[in-house]
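Chemist: Model the full structure from these sequences, guided by the hints.
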Amino acid sequence: MANQTVSGTLFKKMVTNGAVNLKNNYKEIDHLNVFPVPDGDTGTNMQMTMMAGIKEVYSLDSQSIIDISKILSRGLLMGARGNSGVILSQFFRGVYSEIAKIGNGSATVEEFIQALVGGYQMAYRAVMDPVEGTILTVCRESAEKVLREQSKLKSVDEVLKLYLEQARETLIRTPDLLPVLKEAGVVDSGGAGFIRIIEGWVMALEGQMINEAEVQYEPQQEHYHGAENLGNVDIKFGFCTEFIVKLHKPDKFKETFMKDPLSQMGDSLVVVTDDDLLKVHVHTNQPGVALTLAQKYGDLQTIKIENMRIQHSNIMGDEIVPHKEVKEKPKKKSKFGIIAVASGEGIHEAFKELGVDLIIDGGQTMNPSTEAFVKAVESLNCDHVIILPNNKNIILSAEQTLDLCPDKSIRVLKTKSIAQGYSSLMAFDPTGELDDNFEAMMEIVTNMRSGEITYAVRDTELNGVKIKTGDFIGITKNEIKVSTPNRLETAKVLLDDMIDMDKEIITIFHGNDADEDEIEMIVAHAKKLNPDIEVDLIEGKQDIYTYIFAVE
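My numbering applies: residue 7 is where the sequence shown begins, and numbers increase by one.
It is possible that part of the hints are untrue.
Unchecked claim - In the BS3-like style, the derived pairs of lysine-lysine whose C-alpha atoms are separated by at most 30 Å in a straight line are:
id: 1; residue 1: Lys-19; residue 2: Lys-76
id: 2; residue 1: Lys-509; residue 2: Lys-188
id: 3; residue 1: Lys-255; residue 2: Lys-188
id: 4; residue 1: Lys-414; residue 2: Lys-61
id: 5; residue 1: Lys-414; residue 2: Lys-474
id: 6; residue 1: Lys-260; residue 2: Lys-474
id: 7; residue 1: Lys-509; residue 2: Lys-33
id: 8; residue 1: Lys-258; residue 2: Lys-107
id: 9; residue 1: Lys-381; residue 2: Lys-358
id: 10; residue 1: Lys-302; residue 2: Lys-265
id: 11; residue 1: Lys-188; residue 2: Lys-534
id: 12; residue 1: Lys-547; residue 2: Lys-474
id: 13; residue 1: Lys-339; residue 2: Lys-302
id: 14; residue 1: Lys-188; residue 2: Lys-61
id: 15; residue 1: Lys-534; residue 2: Lys-472
id: 16; residue 1: Lys-107; residue 2: Lys-76
id: 17; residue 1: Lys-483; residue 2: Lys-533
id: 18; residue 1: Lys-151; residue 2: Lys-252
id: 19; residue 1: Lys-414; residue 2: Lys-341
id: 20; residue 1: Lys-358; residue 2: Lys-339
id: 21; residue 1: Lys-61; residue 2: Lys-107
id: 22; residue 1: Lys-61; residue 2: Lys-76
id: 23; residue 1: Lys-188; residue 2: Lys-151
id: 24; residue 1: Lys-167; residue 2: Lys-188
id: 25; residue 1: Lys-358; residue 2: Lys-509
id: 26; residue 1: Lys-260; residue 2: Lys-339
id: 27; residue 1: Lys-265; residue 2: Lys-252
id: 28; residue 1: Lys-33; residue 2: Lys-547
id: 29; residue 1: Lys-188; residue 2: Lys-107
id: 30; residue 1: Lys-358; residue 2: Lys-188
id: 31; residue 1: Lys-188; residue 2: Lys-252
id: 32; residue 1: Lys-188; residue 2: Lys-160
id: 33; residue 1: Lys-160; residue 2: Lys-33
id: 34; residue 1: Lys-61; residue 2: Lys-472
id: 35; residue 1: Lys-472; residue 2: Lys-533
id: 36; residue 1: Lys-76; residue 2: Lys-33
id: 37; residue 1: Lys-107; residue 2: Lys-339
id: 38; residue 1: Lys-341; residue 2: Lys-107
id: 39; residue 1: Lys-33; residue 2: Lys-107
id: 40; residue 1: Lys-533; residue 2: Lys-547
Don't read these hints as lab results, they were simulated from the structure.
Modeler: Given below as structure tokens:
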């Protein structure tokens, strides 16, 4: 019998079934994630995010769909991992924002359709520069389809079957919307993961509850493929400027007060008001003007000004290792507390020697949750907190602390690699001011070069570089520069691109699988390129990346 409403009990079954279906297929989704390097962790991030939300749902006694969607939204936000996880959490936050408006414990067909619309709208707001051809498009076009057909849909079953049908059609078209996907011959993995969730919803409506199964995915030719690419757009304005303002007169403030002038002096603009807070993000060449404009309406609470660079360096791993979130806690109050994400015992020690207070064990394939950052921030006894995510896919999770810890003075330095994070610490002055430190550290990140040597897990071709499974790939400036069957040869070609006579120092973090003779030959090649360059070797003991280079 078709369902005319969605009760709290049914909604719990749906979201649970969707989470389990995603978890049972997450390795498939990981395999689809081949851009910008042949790797994948989108499925891992999405399923871990979903399971964090489901854990909270099961601890709730209420059968009201309002209560269940609220606790689910909170659980997903706290457990969100990576960009895909944060976006997914915001979809469910939007679903809750609409369900919260209904007058009883169940949602009608019309109310549930509106919740799906609210979901995609909130998901779009979570990304500073929404890119079409991703999970965002899949969510939006599916919701718009059922909204247009609302008068013809008589049950929740009909709504979700049509929603799923449109989601699949949109996914197939993602390469036409995002040229880089077409170049790689793939579609969006985030969208593919989202479809697994909705498939679970439909099955729950039909009484088919899924059990968790051992995942044994073998790569093969699938009926769809996907790749994650969020925010990879050309930016012509140099400074990524983001700030929060506590408004003097929130009732009289209008978002157009900021939108109109800022749209004339930059792009990638997002302006959001939440009670008495104004949050702004803009890419501009005049950050000072933007801040001065904001001060007309309130007091600045947080400020971040930095050059915007997109880096994609996602490397697939076979298993996710639970991260140890907080390593140590300062005993007395200090001016600054620095949190860094890093993997590898030697890298941990190197970061601590440069003044890092807390290390969250994580990085590629093991993205820390939002909750891990919140706990770390709250454990510090200091006036100001600086967070170094050290991975592009972790930045969004780290930035959630700005809203979740509003009473803390926090800066998130958008370090996208271990090399960037390590080099930025060279500019840190514990006696200086927060803004001065932030600008100095960001200047280091902007001017240094970082590179990694890792391996490919599937055949592909990107930016004219042909890549075969098992090849060693060299990554710098956000893209693969070289791929060869020989690791030493790959390292040499990568260093040829990174080192010139103007460089002064190269720091080499060598991982668990590095070879001593190979390290000596790499050092010799660096000296050949620049006889005066200083070489600093650090036994990082990291996995995945055999070598991490920081060139300054």
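Chemist: Now look at each hint and say whether the structure bears it out.
Modeler: Comparing the hints with the structure gives:
1. Lys-19 <-> Lys-76: 15 Å, holds
2. Lys-509 <-> Lys-188: 37 Å, violated
3. Lys-255 <-> Lys-188: 48 Å, violated
4. Lys-414 <-> Lys-61: 28 Å, holds
5. Lys-414 <-> Lys-474: Between Lys-414 and Lys-474 the Cα gap is close to 47 Å, so the pair fails against 30 Å, i.e. violated.
6. Lys-260 <-> Lys-474: The hint is violated at about 54 Å.
7. Lys-509 <-> Lys-33: 41 Å, violated
8. Lys-258 <-> Lys-107: Measuring from Cα to Cα gives roughly 25 Å; hence the hint holds.
9. Lys-381 <-> Lys-358: Between Lys-381 and Lys-358 the Cα gap is close to 19 Å, so the pair holds against 30 Å.
10. Lys-302 <-> Lys-265: Holds: Lys-302 and Lys-265 sit about 14 Å apart, inside 30 Å.
11. Lys-188 <-> Lys-534: Violated, at about 40 Å.
12. Lys-547 <-> Lys-474: Measuring from Cα to Cα gives roughly 26 Å; hence the hint holds.
13. Lys-339 <-> Lys-302: 33 Å, violated
14. Lys-188 <-> Lys-61: Outside the cut-off at roughly 37 Å; violated.
15. Lys-534 <-> Lys-472: 28 Å, holds
16. Lys-107 <-> Lys-76: 12 Å, holds
17. Lys-483 <-> Lys-533: 22 Å, holds
18. Lys-151 <-> Lys-252: Outside the cut-off at roughly 38 Å; violated.
19. Lys-414 <-> Lys-341: 12 Å, holds
20. Lys-358 <-> Lys-339: 18 Å, holds
21. Lys-61 <-> Lys-107: 24 Å, holds
22. Lys-61 <-> Lys-76: 13 Å, holds
23. Lys-188 <-> Lys-151: This hinted pair holds, its Cα atoms lying about 25 Å apart.
24. Lys-167 <-> Lys-188: Holds, because 28 Å separates the two Cα atoms, which is no more than 30 Å.
25. Lys-358 <-> Lys-509: 25 Å, holds
26. Lys-260 <-> Lys-339: Given that 30 Å is the threshold and the Cα spacing comes to 39 Å, the pair is violated.
27. Lys-265 <-> Lys-252: 17 Å, holds
28. Lys-33 <-> Lys-547: Judged against 30 Å, a Cα distance of about 26 Å means the pair holds.
29. Lys-188 <-> Lys-107: Not satisfied, since the Cα-Cα distance of roughly 41 Å exceeds 30 Å.
30. Lys-358 <-> Lys-188: Status violated; Cα separation ~43 Å.
31. Lys-188 <-> Lys-252: 44 Å, violated
32. Lys-188 <-> Lys-160: 38 Å, violated
33. Lys-160 <-> Lys-33: Judged against 30 Å, a Cα distance of about 36 Å means the pair is violated.
34. Lys-61 <-> Lys-472: With Cα atoms ~43 Å apart, Lys-61 and Lys-472 exceed 30 Å; violated.
35. Lys-472 <-> Lys-533: The given pair, whose Cα atoms are some 29 Å apart, holds under the 30 Å limit.
36. Lys-76 <-> Lys-33: Roughly 29 Å separates the two Cα atoms, so the pair holds.
37. Lys-107 <-> Lys-339: Violated, at about 44 Å.
38. Lys-341 <-> Lys-107: Violated, at about 44 Å.
39. Lys-33 <-> Lys-107: 37 Å, violated
40. Lys-533 <-> Lys-547: Holds - the C-alpha atoms of Lys-547 and Lys-533 are around 24 Å apart, at most 30 Å.
Going down the numbered hints, you'll see the structure goes against 2, 3, 5, 6, 7, 11, 13, 14, 18, 26, 29, 30, 31, 32, 33, 34, 37, 38, 39, while the others check out.
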